[in-house]
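Participant: Listed below, chain by chain, are the residues.
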Amino acid sequence: MNWLAGGMARTPADTAANFSATAARRTWTATVWLVAFTIVVAVSGYSLSLKVASERQQTEQLARANHALETDLKALDAELRVRMRMPQLQSWNDRVLGLVPISASQYLQSPLRLADYGRAADSAPPLPKAQYAVRDEAPKRAQTPESQPAPRLARADAPPRGAPRAAPPPEAIPAAILARATEEAPADLLQQVRLVLGAPTALAP
Amino acid sequence: MRVAASPDSQVRLPGHRQMALALARHRLAIGILLFATFTLLIGLRLFELSLFDGPVRHRGLATASPRIRADIVDRNGVALASTFEAYALAARPRDIVGNRDELVARLAAILPERDPEQIRAALDHDGPFRYITRRILPEQAEAIRRLGEPGLTLERETERLYPHVGLAAHLIGFTGIDGYGEAGIERAFEERLTDPATRDRPLALSIDVRVQQALESELQAQMDLHEAVGAAGVVLDVKTGEVLGMASLPAYDVNRPGGLTGMPSHMNRATLGVYELGSTFKAFTIAMALESGAVTDLGERFPTTPVAVGRYRITDDHPKNYPLSVPEVLIYSSNVGTARMAERMGREVQESYLRKLGLMDRAPGELLESGRPLYPADNNWGLSAIMTIGFGHGIAVTPLHLASAYATLVGGGVRRPVTFLKVPPGQAPAGERVFSERTAKLVNGMLRLAVLDGTGRQADADGYRIGGKTGTAEKVLTTGRGYDRRHNITTFAGAFPMDDPRYVVIAMVDDPTKGSRMAALVAGPAFQKTVRRIAPVLHVAPDMSLGAEPDLAPFDGLYTPRDPRRDPNAVRHAAMATEVAP
Chain H
302 MNWLAGGMAR TPADTAANFS ATAARRTWTA TVWLVAFTIV VAVSGYSLSL
352 KVASERQQTE QLARANHALE TDLKALDAEL RVRMRMPQLQ SWNDRVLGLV
402 PISASQYLQS PLRLADYGRA ADSAPPLPKA QYAVRDEAPK RAQTPESQPA
452 PRLARADAPP RGAPRAAPPP EAIPAAILAR ATEEAPADLL QQVRLVLGAP
502 TALAP
Chain U
5 MRVAASPDSQ VRLPGHRQMA LALARHRLAI GILLFATFTL LIGLRLFELS
55 LFDGPVRHRG LATASPRIRA DIVDRNGVAL ASTFEAYALA ARPRDIVGNR
105 DELVARLAAI LPERDPEQIR AALDHDGPFR YITRRILPEQ AEAIRRLGEP
155 GLTLERETER LYPHVGLAAH LIGFTGIDGY GEAGIERAFE ERLTDPATRD
205 RPLALSIDVR VQQALESELQ AQMDLHEAVG AAGVVLDVKT GEVLGMASLP
255 AYDVNRPGGL TGMPSHMNRA TLGVYELGST FKAFTIAMAL ESGAVTDLGE
305 RFPTTPVAVG RYRITDDHPK NYPLSVPEVL IYSSNVGTAR MAERMGREVQ
355 ESYLRKLGLM DRAPGELLES GRPLYPADNN WGLSAIMTIG FGHGIAVTPL
405 HLASAYATLV GGGVRRPVTF LKVPPGQAPA GERVFSERTA KLVNGMLRLA
455 VLDGTGRQAD ADGYRIGGKT GTAEKVLTTG RGYDRRHNIT TFAGAFPMDD
505 PRYVVIAMVD DPTKGSRMAA LVAGPAFQKT VRRIAPVLHV APDMSLGAEP
555 DLAPFDGLYT PRDPRRDPNA VRHAAMATEV AP
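Top line first, the protein sequences correspond to chains H and U.
To get the working numbering, take the position in the first sequence, counting from 1, and add 301.
To get the working numbering, take the position in the second sequence, counting from 1, and add 4.
Check each hint, because a few of them may be wrong.
[Said to hold, decoys possible] Partner residues aside, some chain H positions facing chain U, computed with beta carbon under 10 angstroms:
1) VAL353
2) THR372
3) MET385
4) ARG386
5) PRO388
6) GLN389
7) LEU390
8) ASP395
9) PRO402
[As the list claims (entries may be wrong)] Facing chain H, from chain U, some residues (calculated, C-beta under 8 angstroms):
10) PHE88
11) LEU171
12) ALA545
13) PRO546
Think of the hints as simulated: they come from the structure by calculation, not from any bench.
Each residue gets a CB set at the ideal place from its N, CA and C atoms; glycine is no exception.
Using the sequences provided together with the hints, build the complete structure.
Facilitator: Structure, rendered in structure tokens:
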């Protein structure tokens with residue numbers, strides 16, 4: 302209180318008091334800073350810890366869920382394996398499927414032989430078999446030998462009298478199948494040819 | 005601090021006070037430094053723990069049982085044995101608080117496979133603790149927990165499941181109630197299966213479940229057809245020594261092994277049972293004679309007239325009444341011919357080769373159930389023993405012994421160790437040479453002829469170039485003296501494809517009682533059907549052309565072909581005759 306009573310005159314005692322006040326202020330400021338720093342560090346550390354704990358908890362939950370799924374998968378896998386165990390498959394085969402081991406004659410030397418598989422060596426080639434159906438089902442005009450002149454096709458705008466209107470002009474037929482076969486065609490092949498060429502027309506026998 | 009707090013009565017000088025203050029400051033600074041360091045260390049450790057502690061550990065089964073075991077798989081990764089979580093239910097009768105009748109009814113509803121009387125007996129037991137049942141499922145355990153009965157205890161443990169039930173039962177084995185392996189691979193690899201360092205990885209066996217199934221089912225069918233006592237079979241890879249399939253019938257359910265391990269169904273006939281396997285040994289005798297130089301000419305003729313030696317009289321089962329060449333001795337399975345070859349070789353040669361083939365050691369492989377062969381004692385290995393061993397009598401070995409020896413014979417004369425574990429590609433052992441390649445090749449040709457023209461015709465499968473030898477041996481009387489003519493051991497030992505032998509198959513049927521009792525009609529068909537089923541699995545394609553047959557030229561003119569259209573030598577002669585004719 303000396304500096305209030307004694308004006309501007311400074312005594313050693315005043316100087317000492319000022320020094321003490323300054324030191325006290327510094328100490329107080331340092332303490333404030335220290336407390337603030339401690340609070341900041343503590344809050345930051347705590348929030349970080351919370352964050353990490355939360356992440357760890359989620360990770361643990363995931364790991365637990367994974368483990369449960371692994372167990373379920375293993376159980377399902379085991380159940381499937383038990384149901385499809387080899388003795389069981391053998392039992393099904395013996396009772397239901399009746400599969401037998403492949404025989405030596407079923408092995409082919411190359412994939413190209415697959416086209417010939419099942420056909421006897423002395424059987425007729427496939428083309429004449431197709432001709433069987435043509436002989437029975439193809440229109441008569443198509444069977445005309447090439448040496449004879451082909452008949453003129455009727456004009457659509459001026460059909461000859463008595464000609465059936467529904468008779469379409471025969472489509473071009475490959476020469477290979479124009480030759481008449483000498484044998485009857487199988488019934489299933491005849492049916493297939495009917496489906497492809499259509500029903501017999503008025504020109505057909 | 006102690007200086008600053010010292011009593012006032014002590015006299016101090018000004019300099020002394022300064023020194024005390026300095027000392028106190030120093031101590032204070034050191035204390036603060038230590039405290040800060042300690043705090044820093046704790047902080048760093050917390051930081052490390054919170055951020056860098058690695059993933060959460062949830063590996064394996066969280067069970068209390070220490071007997072967690074590795075899975076067992078076949079060579080293609082198909083599971084043969086797995087471990088699952090299970091529970092054991094126990095009762096502490098003194099702690100039960102509810103109505104016991106009601107508790108028994110509830111437990112019986114949850115555990116329908118348990119007898120209610122047994123549950124009641126456990127609940128009424130006088131002792132402090134008693135198991136009600138072991139290995140119950142987690143769902144059942146949860147239902148029991150919800151009963152809320154404090155007198156019931158659920159203990160976590162592991163359960164071993166074998167998905168294929170009885171398939172390869174004797175090979176895989178089983179575990180006991182405490183989780184220890186008690187037979188087969190489970191017992192032989194106890195440490196490998198339970199070691200924490202290795203139990204995360206499955207143990208891969210050499211067997212293939214498809215081969216195993218084919219072998220077992222065909223043997224079982226033949227066993228049923230002939231009402232036999234048992235059967236055994238082995239499929240062995242000649243090049244690696246791996247066992248691809250091993251059957252012992254009758255089998256049992258490894259999930260519920262029950263009973264005692266000494267029961268007949270629990271005995272591994274393929275590795276533990278020793279049998280006199282008869283004429284299958286003739287191939288060894290011929291190979292020994294050729295290799296040792298006792299027989300140098302394949303065209304040498306051996307008389308087939310019966311031989312009397314000691315108290316035995318050796319005769320042929322399929323007498324030809326004329327002297328037989330070396331290949332004919334094997335083709336027609338001449339006891340007299342092989343006995344005379346053995347006589348010419350002598351005991352030392354015979355014993356040394358039997359030892360080299362492993363026929364005088366314990367059964368090969370890792371299984372602990374390995375049989376020791378029976379052979380004459382040193383002081384009883386006289387001429388009669390030499391001659392009878394020559395055609396497979398007087399010595400008893402396991403089917404696995406026979407498979408290993410045949411693999412040596414057909415595989416170029418090199419013996420490789422037999423293993424039940426998968427051999428990584430390219431790591432097959434080099435093996436030890438027993439026979440020369442020439443001898444092995446000659447015997448391979450003769451084994452093929454034995455199937456084409458001899459006693460093994462029933463074992464032939466079109467296109468697979470099978471070679472092998474039948475063996476019909478009479479069983480030893482239970483008194484141990486002499487043989488019982490009414491009970492046979494029928495065996496077929498062979499390999500395929502004989503142009504480059506890769507797989508050895510042994511089919512043995514023990515004591516067929518219905519129909520034929522000859523190996524050609526009992527074991528032969530089982531062998532043939534097995535090969536037809538396993539050959540596609542093992543990537544062996546059939547080849548019907550004569551060019552695929554092994555080299556049979558050395559035997560040309562030394563035997564009479566049964567079917568000239570299938571015999572390579574006869575076909576070659578016919579082709580030459582056709583070329584010359586024009």
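Participant: Any hints this thing doesn't respect? Which numbers, in order?
Facilitator: none
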